[in-house]
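We have chain A; now place chains B, C and D onto it with these hints.
For the protein sequence lines, the chains are A, B, C and D, in the order given.
Residue numbering for the first sequence is 1 to 768, as defined by my numbering.
Residue numbering for the second sequence is 769 to 1279, as defined by my numbering.
Residue numbering for the third sequence is 1280 to 1384, as defined by my numbering.
Residue numbering for the fourth sequence is 1385 to 1929, as defined by my numbering.
Please keep in mind that the hints were generated in silico from the structure rather than gathered at the bench.
Incorrect hints may have been included.
Derived BS3-like pairs (lysine-lysine); straight-line CA-CA distance at most 27 Å [to be verified]:
{"id": "1", "chain 1": "D", "residue 1": "K1774", "chain 2": "D", "residue 2": "K1509"}
{"id": "2", "chain 1": "D", "residue 1": "K1850", "chain 2": "D", "residue 2": "K1877"}
{"id": "3", "chain 1": "D", "residue 1": "K1408", "chain 2": "D", "residue 2": "K1852"}
{"id": "4", "chain 1": "C", "residue 1": "K1383", "chain 2": "B", "residue 2": "K933"}
{"id": "5", "chain 1": "D", "residue 1": "K1609", "chain 2": "B", "residue 2": "K1229"}
{"id": "6", "chain 1": "C", "residue 1": "K1335", "chain 2": "B", "residue 2": "K974"}
{"id": "7", "chain 1": "D", "residue 1": "K1506", "chain 2": "A", "residue 2": "K682"}
{"id": "8", "chain 1": "B", "residue 1": "K1157", "chain 2": "D", "residue 2": "K1875"}
{"id": "9", "chain 1": "D", "residue 1": "K1774", "chain 2": "A", "residue 2": "K682"}
{"id": "10", "chain 1": "D", "residue 1": "K1506", "chain 2": "B", "residue 2": "K1157"}
{"id": "11", "chain 1": "C", "residue 1": "K1369", "chain 2": "A", "residue 2": "K743"}
{"id": "12", "chain 1": "B", "residue 1": "K934", "chain 2": "C", "residue 2": "K1310"}
{"id": "13", "chain 1": "D", "residue 1": "K1875", "chain 2": "B", "residue 2": "K1194"}
{"id": "14", "chain 1": "A", "residue 1": "K738", "chain 2": "C", "residue 2": "K1383"}
{"id": "15", "chain 1": "C", "residue 1": "K1372", "chain 2": "B", "residue 2": "K933"}
{"id": "16", "chain 1": "C", "residue 1": "K1335", "chain 2": "A", "residue 2": "K743"}
{"id": "17", "chain 1": "B", "residue 1": "K933", "chain 2": "C", "residue 2": "K1335"}
{"id": "18", "chain 1": "A", "residue 1": "K737", "chain 2": "C", "residue 2": "K1335"}
{"id": "19", "chain 1": "A", "residue 1": "K87", "chain 2": "A", "residue 2": "K219"}
{"id": "20", "chain 1": "D", "residue 1": "K1774", "chain 2": "D", "residue 2": "K1875"}
{"id": "21", "chain 1": "B", "residue 1": "K974", "chain 2": "C", "residue 2": "K1383"}
{"id": "22", "chain 1": "B", "residue 1": "K1086", "chain 2": "A", "residue 2": "K737"}
{"id": "23", "chain 1": "A", "residue 1": "K675", "chain 2": "D", "residue 2": "K1850"}
{"id": "24", "chain 1": "B", "residue 1": "K1086", "chain 2": "C", "residue 2": "K1335"}
{"id": "25", "chain 1": "A", "residue 1": "K743", "chain 2": "B", "residue 2": "K974"}
Everything numeric in this text was worked out from a predicted model, so none of it was measured.
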Amino acid sequence: MHSLIQISIAVLLLPLLSFVILIFFNKRLPRRGDFVGVGILGATFALSFYIFWSVVVQSYDPSFRIAWDFTWIDFGNVPGVGPLQIKMGIVIDNLTAIMLAMVTLISFLVHLYSTGYMAGDPRYGRFFAYLGIFTFSMLGIVLSDNLFSIYIFWELVGLSSYLLIGFYFEKDTAADAQKKAFLANRVGDIGMWLGILILYSQFHTFNYQEIFQNLADGKFDMSEAWLTAAGILLFMGCVGKSAQFPLHVWLPDAMEGPTPVSALIHAATMVAAGVYFVARIFVLLTVDALHVIAFIGAITAFMAATIAITQNDIKRVLAYSTVSQLGYMVLGLGVGAYSAALFHLVTHAFFKACLFLGSGAIIHAMHHEQDMRWMGGLRKHMPWTFATFTLATLALAGLPLTSGFMSKDAILAGAIGFANAEGGGIYYIIPFLGFFSAMLTAFYMGRQIWLVFFGESRTHLKPADDHHHGHDAHGSHGHDDHHEEVHGVHEVAWNMRAPLVILAALSIFAVYSPDPLDGAKGWFMKMIPTPETVVGSASGKAEHGTSSANHNAAHLLAEAVPAVGHSAETDAHHEGVASEVIHEEDSHAAGHGDGHGPEFSDPRQAAIAHEAHDAHKLAIVISSVMVVLGISLALIVYVFRFVDPDRTARAIRPLYLFSFNKWYWDEIYQATFIKGSIVISKVLSWFDANVVDGIVNGAGALTRRVGFATGGFDKYVVDGAVNFTAFFFNTSGAVLKKLQTGKVQTYVVLLMLAVIVYFIYYFTQLIY
Amino acid sequence: MFQLPSGAEIESIIATLKSSVGFFVPEIWLSVLFMLLIVVDLAVKGRKNNLLASVAALGLAATFFFIYPQHSLATGEIFFGMYVLDEFALFFKYFFVISGILAVLVSVADEQLNRDVQSIGEYYALIIAMVLGMIMMASSTDLLMMFLSMELVGLTAYVLTGYLKKDARSSEAALKYLVYGSVSSGLMLYGFSLIYGMTAETNIMKISAELALHGYDPLLMMLASLLILAGFGYKIGAVPFHFWSPDVYEGAPTPITAYLSVGSKAAGFAILMRFFFVAIPHGGEPFQDIAGLDWLMLLIVIAVISMVYGNVVALWQKNVKRLLAYSSIAHAGYVLLGIIAMDELGTQATLFYLLGYLLMNIGAFYVVILIANRTGSENLDDYRGLGRKMPLAGAALTVFLISLVGLPPTIGFIGKLMIFSALLAKGSVYIWLALIGVLTSVIALYYYMLIPLNMYLRDSKQPDEDRDRTPIVHQVALAVLMILTIYFGLFFAPLTDFAKASSAMFGLSIY
Amino acid sequence: MEILTNIGLNHYLTISALLFGFGLFAVMTRKNAIVILMGVELILNAANINFLAFSKFNGGMEGVMFSLFIIVLAAAEAAIALAIVINIFKLFKSVDVSAIDTMKE
Amino acid sequence: MLSLIVFLPIIAGLVILAVPSSQKQIIRIVSLLAALAQCVLAVLIWQGYDAALPGITAAAGGAPEGSFQFIERLPWISLDLGSFGSLNIEYFLGVDGLSITMVILTALISAIGILSSWPIQKQVKGYFILYNLLSTAMMGCFVALDFFLFYVFWELMLLPMYFLIGIWGGPNREYAAIKFFLYTLFGSVFMLLVMIGLYFSVIDPVTGNHTFSLVAMASQENYIKDAILGPDSVMWRYVAFIVLFIGFAIKVPMFPFHTWLPDAHVEAPTPISVILAGVLLKLGTYGMMRINFPLFPEVFQASLFVIGVLGAINIIYGAFCALAQQDLKKMVAYSSISHMGYVLLGLAAANSEGMVGALYQMFNHGTITAMLFLLVGVIYDRAHTRQIDKFGGLASYMPVYAAVVTIAWFASLGLPGLSGFISEAFVFVGAFSAETTRYIAIVSVLGIVFGAAYLLWSLQRMFLGKRKPDAAYDLEVGPDGHEHIHFHDWKGKLDLDTRELVMLVPLAVIVIFLGIYPMPVMGLMTSSINKLVEVLSPVVMTALN
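Next comes chain A alone, as it looks inside the complex (with noise of 0.2 Å):
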């Protein structure tokens, strides 16, 4: 076994130690135990650090990659398939590096801000240890090499969700906002799982390399269709984990969760995994489903954004601002800018946390107070949050010199590559919302800052019911303390202290890349390529079919190599091989020099890459000029106030309530599908009481009433029959039981006339 997978394995399991240490036994341990699960996180840190550093620093190679497993159920010989076997493993490549270097560090940074924002609480401890499974899960995700085992980390990271956001329970809107997340999660989960079903059903295999193969060689012997289906049902797992547009309304609410929870999984890496895993599933999504795909990510990206310039509560805004984004990469994994989405993933997770951990320290020393229209002037009391607050919102608006412009302008030049590729048209419809949105994250960013950090504290302006809510609200949070006055606010400790400023320096453009301008020339996107589709595109079929088929089965064989064979004893000559595509790939490095993506053989592929690379100059002018715009629309509303943003509020009051009100995506649902399920189980639960139930006891009401008419009927007579005749036999039996009428003459009569009249019927048999 490769030591990088032996240390992945410990990666993945230490969290999960320090679960069941501090689910037992947090009670026990002095101060609950949080030093095992901040210790526990910092190692794995440290070790998936070391793995990060060794995959992409040191073998500097796009197609590194080691992969092992083992059999976890073994079918033994199946009639009709063979000996079938379901594998669970391992694979590392360079985005698994990448995902666990940022997932532990975030991790172990909220574990640390934990101590100070979670102190007192009285489940202090089985909130680490809840911390714990999540992290568990999440990297469980991260190092899948198959789809089955993806699933059920993707449930799990779903199940810590439901815990953490309903860790205060007690409160009704934290046990809503749990349940709402997990039925979300679920809607999105079983089109996830369709999706693997089709795919598992032509191939017999859980796992991608082994799935890609089969479909590079036309193995799938389905209709196309099914192909673009199994695509975009695989997406709707990302719908839901990544809070797309339908499925996205779940995690606004999951802000009732404690903030840490809210940085960690709702903001940085959780909502992260359902790009990630598109991204894992990139190769085999036809070209339809990519449009799909594209489209609600422009459309979640442009809803969310709108909806977000209204909301008051500091979280609500950054959870939206968290949709819009997410957005953002499914928008560039539509498109086909893998990298550029891949990228933005990674630096949006770091500036959102820091944003979260920031807008935390901010609630916890407002004494949870949450919205902003009662905050005001922070600046002077919390310099530091002030600071790495900003800095993270410049990345997140997109201004140059912070990681979130690179990589937000490579999504949105693929974005207009794609449009231009793809012939214009409706497909301009991506780029323009980008942009659009682009200009929304700028302004209602640049509110937030206003509002929270300057002019003077507007405390004393909430009314009190509002006010004593606010506590209310946290009323089970230990801190019961009433202020009429904020008085001591203050910064907050180191221990929260550090992970802002950490991730604040990780918002810095030259953690990724020299140029500021240009992110493709950073190791990020260097290292993770986009890969060669194995569908072929409609063009590519119809230009040279067979051909490009084979080139592509090929060119992914080379792709395929080392994960074919995973067992330890081959390890030696994985390197071996991986040396050798190594050197195919610098060749085609070495083919265009400025190193934007490989070399395509997919042309529609190769089409959007080349015009995504001609678009970039285009989309760094254009976004700059939307970002400077909404900055300074922000500043003409809230700064100088040349307009007063309530009295425009009321003049276009319909659309300002549209978006205060969520485009009323909440009501929609509650009154169709919610509704909808209660009233169904309703009808039918009657169903079955009276309907089902009554039928197969033989109509049971019916024969009751007579059963009473006849006098002294017995109600299980009704259900004795057990049959459809129930209702039959007894009345006949009523019937019947008169015949004896206890006079011996009418017997003799009865007897007689039996006799009499078998006789007859015998009579008329034989002469007819």
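Frame of chain A; chains B, C and D shown alone:
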């Protein structure tokens, strides 16, 4: 016109009689026992019930010693074809003697009987007489003998039914039984006379030979068969000849009810099988040259009606004796299924079923008697909560009822299994009969379970002392019956083999 | 005329059939238990006539014997019946069978 | 070995019979010991079991040896039926991949059931005698390889169940008991006829006699061509299949024959609900896999779609009904219906993934539902009500209980990492891989969401949030400022006490372990399932006539 027989003929007649007597020992012994009991009764002059009972029981038990050697005797006709000795007859000899013993046993258990009856000696004597009559029913091969034996059974039954003179229900039952019974036997006689007219023979073997030889008018034959069936049918208590049974079963002393429900029913089946299998043409050997009389259809109709009617009407009964009466109508239907199969397997199944029915039905009535001793009532509602107060009786009754439903592991289940096997062995022709059989047994489950339902699931209305006053002897006897019911449900090979061995009927040509 | 002068089997059979019918009629319709028993006797005697007639016209003594036994048994049956009816009268103060229906259904 | 594991409870029952009914503790302990011995035996059998042997049909040469294991075969009854040869009924026990998992499950569940019967005070003696009778019958059903023997055990279950529900049940117990009894008997009487019909149609290749041996019946070449259920009489084979299927479906229970289940569960005492849901329901599907399908493979192949649809109906319909329930136990009962639907769906897939999923689902449903009912019993003992709305906020006051409930609930909604997920997953994998049931699988996947819906909703209403105003317990603030609750007239420990933990923790451990590493149980069944699929595959049928 008839000249008297010559001396030589008389010699031969006497010789035949002498030889025949050797084959007639058990019947003779029973007759002796009958008189012995009367004598003893006169001797003890009073109420030594247990003595009389034990005399009767032991005497009956002694009969085995006379029956058993008969296996070694050659099967064949005796008394000029009046009477026959074959395995079939022997089976029923055992059967009726056992049932007689059980009848005596349950009679001893019945407190009401021993309280209200002065001359209990005659009671037991009559039971013996009934045993004798039933044995002769099973063995007689001549119309005259059949008539005489059936009358013997009938008359004793009338008397026993009305034995509780102070009890209006008992006398009413007796009257109804008598009227209905004598009318039926009148019909039967008329049928006999018609057959005699057609064949000038009264021996059933000769009759069948005669019919095979000269053929017959099917219409007249059917009329005769119908009338005769009326006579047999009222003994087996199958619809539509059953009307007497519910009233009689309810009114008669419970031991007699038990005895009638098993004994005279079985005797009816015995005579019915012998008569119809042997005497009436049915299209098979040796009647292939003439059209068989379609009396199977007749039996099928009767069987189906009996199963459905008996079970459906039983759903409504509140009196346990009456409920069991209706259930016995249904069981007559099940037994008829075995006869309808009309082959060796069918006969075997029928005989086995009768054996099982003997065990479980007498057992059930046994418990009914014990409970009546305690509560003085046979109403379903008075059974509430008895399961706890009389644990053994409750358990036993449950077992017997389960067996009557036909659930494993009881003898009743094996009986049903054999019956349905016999039907399905004929291929798919009788599947629908089997279906009706199983479905009606589901209905049966409901009303049978009403009794345990009351005994266990409901609490008695008036709480009385929980002590079970049942004498130990009855406890033991009951336990034995219960255990046998289960034992033969699990290891039934001896009984089934016995039944198979006994399915051989003299002069039978259908299998 | 011929049919009146020399009597054949059918005459006997017709008579017995009529007797049979009368007997049944009596059993079914009369209320008095005693009369019903008479009806039963009629039925038995119908059978008797059959037996005797057949035995006369077919030859053989079985019919005669049969009828003898029937007569004997009829007497025995009548004895028992009367005993029961008397008991009934004691208990019900009536021999009207239609009134004796305490047990039914 | 198998005889021992089957008849141990009966022996215990006889011992109890001798114990005076006042000695309640002794009676309990005797039963418990018997059940534990059963568990030990089950483990021994499990250890001695060779997962490589296929089972289902006889090995080459028609002998069960080499295919089944732990075989015990004695001639029981041998009758001469004259022209129909001799009726051979055998005492024929044995296990293969189908039964061994069920044997383990039965032993486990009966032991836990006895533990949960501890508090029962009413007629303890009678209760435990009946209980032991029941557990013998269940165990016997799973190991019997002779149809006659199977039928005997099958019917033997009814009476004890009737009394256990009827005497120790809730207010409406008579109704529930008789309903259960009649339903199941109605199902099984047809089985009797089919059994006889099969008897006349099958020849034991070894002895050449007619036989009741399920092993001989399972291979089509043993059928007499023109017999009543022989390959030629197509119509009767269909009829037989259908009536058998109905018979087993009633036990499952399958829509629309399921209505006895909610009543029975609601009325039955907790341990009986546990047995009922944990083991009895499995007998239905086990019967299908052991008898119904392999004996009539061509009919099975013809009716895949119908079975699949019925399974889907069970899944969705059960979930919806559960969603509407106010009574917690009734909700769990409907959830059982829904989960047994997965089993039906997996069987309809007729491929190894699906059938393994189905069998594994049977095992998991056994453990998980046992947990659910035990947990319902826990709260019912305390509050004397099961109305979901009568609680709220319990998680704050009964943390351990809440934790176990969370595990059980999430296991029931098929959370990965818990055993329920794997079985459901493979049911879907199989159902989707099979052309016939593909679209059915697509529809049934909705069941996952609704399952989550009703479980999470009930979880929220009972455990999260705060105490409801009309809750079944009182809230009081202790001297230490912490809130406590107490139930009216409940003297025991508020949170789970030791006995309850002893019942629940092993189940929880099993659920979690088998969710992470299923092979210990799945490995037992794969080879048998593969064999079963082979037997059921249409190819074999074409070879038949």
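Check your understanding: When the hints from earlier in the document are held up against this structure, which numbers fail?
Key -> 1, 3, 5, 7, 8, 13, 16, 17, 18, 21, 24, 25
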